[in-house]
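In order, the protein sequence lines correspond to chains A and B.
Taking full-length UniProt numbering, I'd label the letters of the first sequence as residues 1 to 115.
Taking full-length UniProt numbering, I'd label the letters of the second sequence as residues 1 to 161.
The hints are simulated quantities; they were obtained by calculation from the structure and are not laboratory data.
Every value quoted in this text rests on a predicted model; they were computed, and no experiment measured them.
Where a beta carbon is used, it is the ideal one built from N, C-alpha and C, also for glycine.
Any given hint could be a false lead.
[To be verified] Simulated restraints on C-beta separations:
#: 1; chain 1: A; residue 1: V87; chain 2: B; residue 2: T45; range: 19 to 27 Å
#: 2; chain 1: A; residue 1: S46; chain 2: B; residue 2: K129; range: 49 to 57 Å
#: 3; chain 1: B; residue 1: L15; chain 2: A; residue 2: F56; range: 26 to 34 Å
#: 4; chain 1: A; residue 1: V87; chain 2: B; residue 2: G133; range: 39 to 47 Å
#: 5; chain 1: A; residue 1: T71; chain 2: B; residue 2: A119; range: 17 to 25 Å
[Unchecked claim] Chain B regions said to be covered by chain A (calculated; three or more residues, Cβ under 8 Å):
#: 6; segment: 25 to 31
#: 7; segment: 98 to 105
#: 8; segment: 144 to 158
[What the hints assert, rightly or not] Examples of chain A residues toward chain B, derived with CB under 10 Å:
#: 9; residue: A49
#: 10; residue: L52
#: 11; residue: F56
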Amino acid sequence: MAARRNVKTAQDALQKEGASSPVEGKPKMVTKQPKTTGAAQTVPSSVVAKLLFFTFAMISGPLASYYVSNTMIFPGNSTAAAAIAAVVANVVLIGYILAAISEDDTDQTEGKKSQ
Amino acid sequence: MASELSPIHAPFFGLAGVASAMIFTSIGAAYGTAKAGTAIAGVGTFNPSLIMKSLISVIMSGIIAVYGLVIAVLIAGDLGGDQAGEYALFSGFVHLGAGLSVGMAGLAAGYAIGCVGNAGARAFLKQSKIFVGMVLVLIFSEVLGLYGLIVGLILNTKTSG
Chain A
1 MAARRNVKTA QDALQKEGAS SPVEGKPKMV TKQPKTTGAA QTVPSSVVAK LLFFTFAMIS
61 GPLASYYVSN TMIFPGNSTA AAAIAAVVAN VVLIGYILAA ISEDDTDQTE GKKSQ
Chain B
1 MASELSPIHA PFFGLAGVAS AMIFTSIGAA YGTAKAGTAI AGVGTFNPSL IMKSLISVIM
61 SGIIAVYGLV IAVLIAGDLG GDQAGEYALF SGFVHLGAGL SVGMAGLAAG YAIGCVGNAG
121 ARAFLKQSKI FVGMVLVLIF SEVLGLYGLI VGLILNTKTS G
């Protein structure tokens, strides 16, 4: 919080120097860190972790279930293994849809609280 | 080795089935991903919080490619023929049919997912209630690829049995 208060004093210092500060008029999130304009700063780490999890699950889930089912659960019955792989892919899809819906609900509730 | 029922050119059709299963589903998945991805890039500049929901169509396009991959791996496992090393011409035709069914169904499903994902993401920017309808139509589009997968799996059992 001390850093936030120093931002205003820094702006005052800029205005005293007569420099037209481009920081003014922008939202507070930008004035907090005016130097960092990268996209990585705006994306929350939880969203990145969720996307990485679903990417990994979509790539490795069906393949791993296919080979595990083909070698351990139903040895030799590759049709059942293929069906299980397709089911696992759809389970990952349903999980992603539920995750997307829940995240949007939290965003809306947070927005209503802030308003 | 080569007989009347298992000629030397029989594996050509099986290999064509493997290739068509993987190639056509990948074409469909690529079209769906690209078409939906352009809409996501357009919507994300206006409202970044909608990106997560708009990515559902991209995930569904990936599943279409997974279907083709499953059938291609399944057919490739049977290309060696029976215990005597005989690969019948009937097996080649069945594998070609299985690969073409999942490949063309995946191509159709990917095309539908791309168009629905594009229009749905752009409409979702204006009206948030369209999300349920968009997901429902996307699921119906994705089920088209699932039908091709089911037919491919059933066809594949006709050779080993």
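Right, here's what the structure says about each hint:
no.	hint	in the structure
1	A:V87 - B:T45: 19 to 27 Å	37 Å, violated
2	A:S46 - B:K129: 49 to 57 Å	26 Å, violated
3	B:L15 - A:F56: 26 to 34 Å	31 Å, holds
4	A:V87 - B:G133: 39 to 47 Å	25 Å, violated
5	A:T71 - B:A119: 17 to 25 Å	43 Å, violated
6	25 to 31	violated (count 0)
7	98 to 105	violated (count 0)
8	144 to 158	holds (count 5)
9	A49	13 Å, violated
10	L52	13 Å, violated
11	F56	12 Å, violated
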